[in-house]
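Protein chains: 2
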Amino acid sequence: MGLNSNRVGAEHFDIHGTETPTVKLQTEIPIPSFEIHEVRLPPHQTTLHKLIHRLSEIFFPDDPLSRFRNQTSFTKSLLAFQCLFPIFQWAPQYNLTLLRSDIISGLTIASLAIPQGISYAKLASLPPIVGLYSSFVPPLVYSLLGSSRHLAVGPVSIASLVMGSMLSGTISVAQEPVLYLGTAFTATFFAGVFQASLGILRLGFMIDFLSKATLVGFMAGAAIIVSLQQLKGLLGIVHFSNQMQIIPVLASVFEHRKECSWETILLGLCFLAFLLIARHISLKKPKLFWVSAAAPLTSVILSTIIVYLLRYKTHQIAIIGELPKGVNPPSSNMLSFHGPHLALAIKTGIVTGILSLTEGIAVGRTFASLKNYQVDGNKEMMAIGLMNIAGSCSSCYVTSGSFSRSAVNYNAGAQTAVSNIIMAATVLVTLLFLMPLFYHTPNVVLAAIIITAVIGLIDYQSAYKLWKVDKVDFLACVCSFFGVLFVSVPVGLTIAISISVLKILLHVSRPNTSLLGNIPGTQIFHNTNQYKEALRVPSFLILAVESPIYFANSTYLQERIMRWVQEEEEHIKANKGSTLKCVVLDMTAVTAIDTSGLDTLRELRKMLENRFLHLVLVNPVGNVMEKLHTSKILDSFGLKGVYLTVGEAVADISSLWKAQP
Amino acid sequence: MGLNSNRVGAEHFDIHGTETPTVKLQTEIPIPSFEIHEVRLPPHQTTLHKLIHRLSEIFFPDDPLSRFRNQTSFTKSLLAFQCLFPIFQWAPQYNLTLLRSDIISGLTIASLAIPQGISYAKLASLPPIVGLYSSFVPPLVYSLLGSSRHLAVGPVSIASLVMGSMLSGTISVAQEPVLYLGTAFTATFFAGVFQASLGILRLGFMIDFLSKATLVGFMAGAAIIVSLQQLKGLLGIVHFSNQMQIIPVLASVFEHRKECSWETILLGLCFLAFLLIARHISLKKPKLFWVSAAAPLTSVILSTIIVYLLRYKTHQIAIIGELPKGVNPPSSNMLSFHGPHLALAIKTGIVTGILSLTEGIAVGRTFASLKNYQVDGNKEMMAIGLMNIAGSCSSCYVTSGSFSRSAVNYNAGAQTAVSNIIMAATVLVTLLFLMPLFYHTPNVVLAAIIITAVIGLIDYQSAYKLWKVDKVDFLACVCSFFGVLFVSVPVGLTIAISISVLKILLHVSRPNTSLLGNIPGTQIFHNTNQYKEALRVPSFLILAVESPIYFANSTYLQERIMRWVQEEEEHIKANKGSTLKCVVLDMTAVTAIDTSGLDTLRELRKMLENRFLHLVLVNPVGNVMEKLHTSKILDSFGLKGVYLTVGEAVADISSLWKAQP
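Those sequence lines, one after another, are chains B and C.
If you count the first sequence from 1, position 199 lands on 199 in UniProt numbering, and the numbers rise without skipping.
If you count the second sequence from 1, position 353 lands on 353 in UniProt numbering, and the numbers rise without skipping.
Each hint should be verified, as a subset may be incorrect.
Mimicking BS3-like on lysine-lysine, the simulated pairs with C-alpha atoms at most 27 Å apart in a straight line are [as the list claims (entries may be wrong)]:
id	chain 1	residue 1	chain 2	residue 2
1	B	K50	C	K532
2	C	K606	B	K212
3	B	K606	C	K468
4	B	K627	C	K212
To be clear, the hints were calculated from the coordinates, so they are not data collected in a lab.
Turn these sequences into a full structure, and let the hints guide you.
Laid out in C-alpha cells, this is it:
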C-alpha cells in the first residue's frame, strides 16, 4: 500500500497556472504546504434568529416578498393586487392574436369538457348535470386567481371516482339522492377549505409526500377500478355493486350477466373502438391532437342520433334522460355542517382535496416548465381551494386541472387562462339552450368515454422504469396499485405513503458507512468500493458516515463503526499489517446531529480510547460543528480532534507520530 | 476575488515528502497535474445481491454469524449453545473471588428489591406479594439467558405505573380483583411475546425511535404523576382517583383532604426525609452507595416496628396486612386470550413491553460500556421477553432491568449474573419465612420509598442540556413531559415519537443547500458562510446539497436551486460582475436518490439550459452514480457532466472556456 508523497508531503507548488479567462490569479506566492486549516464555527446567531431562518426556509423557501423590496408603495400595492389576481399580470398585454388562439383552444376543450363532465359526474354517482355545472363556475374562478396559463379546469376522473366510492359506501344514491348530493357539496366545500388552507399556511410541501412512484401505482389501480365500473354501462347491466374493489365488481358482473343487452354491448364496443383508435392516432402523431379531442363529442352526437332513430325499435339502451335547463342553481343551502355524515364529508373532502390538488399542481408545473414560466405551488393551492369553495355553493363538485384536457388545451395553442373563460362560455350556452339534445344520449357512450380517458392513466412504462432504477419506489408503486385494487382508495394511498416515509426512516436508521482510501497522486479520499484505485492508508481506518446522526441511528452507527474497527484489527492480525492507530470519521455527509448523536460520538471516543485508538473527525458542517462546540464534546477529543480534510488529518497525525514515535 | 493558481493550474508537484513512519512512499514520479479523475460506478451487483446486502445491513448489522466462520462443527455447536445461554460463557471461569463479590452485591440489591418490589406492585395496583414474586422468577431466568453482568432484574417503576394506569382505566381493582390480576398477567405475557419477537425478528432498532430526549421528558412526567399518586399513601387518604393525569389527581387530594390522618403524614414525612437524605449522601459520595441502598429496608423495618408498637394506640395508619407465605403459585390458568379485555391486555403489554425494554437495554448498555463488554440488543430482547413470558406463568408482572438497582449492583461490585441468583435466593427466603413480618408495615413508608426512587427520574440537567444544544430535541422532551402529565402515558409517548419522526422528515423535506467557495491555496471548496476566507469563483455558482434527493424534497430543491441562480444573477447584474455560466452541484452529501430526485435533476438541467447555464454534478456517491447511470440521465448532460471534485470541475470547465471562448 503506498501513500503518495505529494499529498502528505508536497512542500512546494510551482506557480505554473493554466490561466482561466474569467478567473483572476492570486499574485502572492502560495503558502508552502502542508498547512493545516482550522475548522471554523459558523457565525454566531441567536436562537431567535436561527428559528426565524429555519421557519422561513420551511414555509417561505421561495422568498415571496423579494419582489416587494426596494419598491415604491404604489408599486408595492399594485404588485400585491397582481399577486392576488394573476389575471391582472397579463391582462394589460392581452391582444387579439392571443384571443384568437385562446378561442380555438377554448372551443376545443369545451368539446371535450362537455361529454367528460357528464361522464365524470356519473362516475361520482352524481346527476350528469352537476358535471356541466362544474365545468362552468370553477373555470371562471380559476381564470381570475390561478397562475397557470394552460390548466383546463373541470371535473377530473380520479377525484370523481374517489368521491363516488367514499360516499356511496355509506349513503345510498338510489334511496337518498338529496342527502347524497348535499354530502357531495359539503365534501367539496371541505376539499376547498383544506386546499386553500394548505396554501395559506404554506404547507404545500405536504403534497410532496405523494411521490410520483406512488401516484403511478395509484392511478393505474384507480383506472382499472374505474374501467371495471364502466362494465355496468358497457354491458347495460341495471343492478350493480356500488363497491369499488375489483372482486365485488367482477362478482357483480358475473351475478347480473343475464341483464346484459346485446344492443348496448354492440353500440358500446363500436364507440369504444372509435375512441381508442382516435386516441391512438393522436398519440402517434401529436399534431393530430384534435382527432382525440373531437372524438368524444362526435361519439356523443353520433350515438344520440342513432338512439334517437332507434327510439321506437328498442328500449334496451339506457339513456341519460331529462336534464334541467339553466345555469348553476345556488347550493349553499345544501351544505350541512352537522349531523351523522359530517365526518364522512370531511374525510371525503380531504382525500379528494389532496388528490385533485396533486393532479392540478403537477399538471400546472408540467406545462409551466414546458413554456418556461413559474407556477407558485402555494398560490395555486389557494386558487384551486377557493374555486372549490365557490363551486360547492353553486352546485359543483370537486374540480381541478385535468391532465388530458390541459394537454389538449396546450396543444390547441392556449396562451392564457382566457381559454378557460371561452370554455365556460360554451358550457353556459350548452346549459341554457342545448340540454334537451342530450335526452337520448346513451349511457354506454359515456362509459366508453370514461374508459378511454382513464386508460391513459395506466402508465406501465413508468412502472417499468421504476423497477429498473429504484426497487423501493417500485414497491411503493405496486403496493398502492394493489391497495387501491383490492382494498380501497384511502387504504391504498395510506399504504403507499407509509412505504415512502418508511423508506426515508429506514435510510436514516440504517445509514451507509464506507471505507475511504486515497486516490494516488491527489489529496482526494474516496470510497474504496467505488474507486478500486483508491489505496488504504496503513494505521488509519478512514470511514465516511453517509447520514445525519440521529437518535434513530446513533446506536446502529456506534455498533457498526466498532464492527469496522474489529474487522480491521482481525484483518491486520491475519495479514500481519501495521497496527491500527487512528480512526478518522469523515463527517461531510453528516448534515445534522442531535443530542443522541453527540452522546454516540462521546461514547465512541471512549470505546476507541479503551482500545488505544485515536478518534478524529473531519469536516463537520456548520450546524454540526456548532453543536459539537456547544455540547463541549470537542474538549474531550484532546488537542486536535477536528480537521478540515481527510488529507490534512492523515498528514498531520502521521507527522505527529513521526515526531513522537 | 482571486482563485489560487495552484488549485487550477499547478502542473508540477515537487516530491519532497514529509515521510510518515508507517506509510510507504510511492516511488514513481507522480503524474503531472492537473489530471481529471473519472467518476466511477460501483462494481456491478445483481438485484438479489443488493437486496441481500441491504437486508443484512438492516437486520444483521452486527454480523452475528461471524464468530462461527472457520470453526470446527464441535466448536460451532458449543458457540451456538453459549450464544443461547450466555451463562455458559463465563460459568467455566467462575471462581470464589467472583462469588464473594456477587454475594455481597446480591444481598445489597435484595435489601433494595424487597421493599421496592412491594411498593412497585402497589403502584401497578397489584397485591404487594406479586412484587416479591416478580423479584424471584425473572432474575433466575435472566441469569441464564441475559448477556449483561450488572443488570438487576425485577419490577420497575415506569412499567408498573403504566400498567396500573392503563388497566385501572378500564377494570376496577376494588370490584374485580381477580379479573384485574388475570389481565395484568395476560398483559405481561403479551409484553414478553412482543419483546421476544422484536429480538427474534431483529427489529430491535424500533426502540431506537424512543430517543433519549423523549425519554427524559417522559420519565420526568411519569415521576411527577407517580409522586402525586403517592399522596394517597402519604396523606393516608382512603378514597382516591385512579386516573393518572395531574388534574384529577390534585382534585382528588383536594376533595378527600378531610380523610388525611396526621399520624400517617408525620410518619411519612419523617421517612421521606430519611430516605431523601440517604439518597443525597450517596449522590454526593458515590462510595457511600450503601447508605441509599440500605435505607429502604431500614425504613421498612423501623416503620414496621413503630407501627407494631403503636398498634393498640392508633388505627389511622394503613398497613399492608396479611401476605401469603410460599413461592410463586403458577398463574398460567389466569391468562386469558379471549373476552372483552384481550385488546386492553395486548395494548398494555405492548406499551409496557416497549418501555421496560427501553429501560432494560439502556441500563445494560450503560454498564457494559463502563466495563467495556458488549451487550447484544437483539439477544437482550429475547432474554427479557422470555423472562416475562416465564414470569406471566408464575404470578409475576412486567419486569426489566431497573436503573437504580443496577447502579447499586454495579457499585456493590457485582461481577456476573450470579448476583441476580443471590438476590432471587434472598427473596425466596423472604417469601418462605419472613412474610408475616411485613404484616404491620405501613403503606406510607412504601409511598415514601416510591417517591425517593422516582425523584431521580426528573433529570432537569439533561433537559437544560437539550435546550442548550438542540431546540427540537428539547421540544420533543417538553411535549412528552406535558403529554404524560396532562393527557396520558400512551398519548405522551405518541406525541413525542411523532415529533422525533417529524423532525427527521422535516430535515429531509427541507434540506440545506449551501454556497461553496475556494479556500485560497488549496483545492478545498467549503461553505462560504462557515469559512469566511473561502472565495467565490467568478462565473461559477457552486452549491452543496446536504441531503438525499427524495420525492419529499425534490420539488423544494429544484425551486431552491433556481432561486439561488436567480439571486446570483440579480446580484451579478447589480454589481456588474462576470456573467454566470455554470452551476456546480456538489453531491457528496446526497447519499441517496430516488426516481423523483432523478426527474428533478433532469428538469433542473433543462431549466438551466433555458437560461444558457451549464449544470455539472460533482462526486456522486456509489448508489447515486449507479442510478444516474441506469436512468441514462447523464446522457443528457453532454460530454462531461460529472466530476470527482469541485476543484477539478472548476479547473476543467475554465480551461474549456479558455480553449473555446
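Checked hints:
no.: 1; hint: B:K50 x C:K532; in the structure: 19 Å, holds
no.: 2; hint: C:K606 x B:K212; in the structure: 19 Å, holds
no.: 3; hint: B:K606 x C:K468; in the structure: 23 Å, holds
no.: 4; hint: B:K627 x C:K212; in the structure: 17 Å, holds
The structure is consistent with each of the numbered hints, conforming to all of them.
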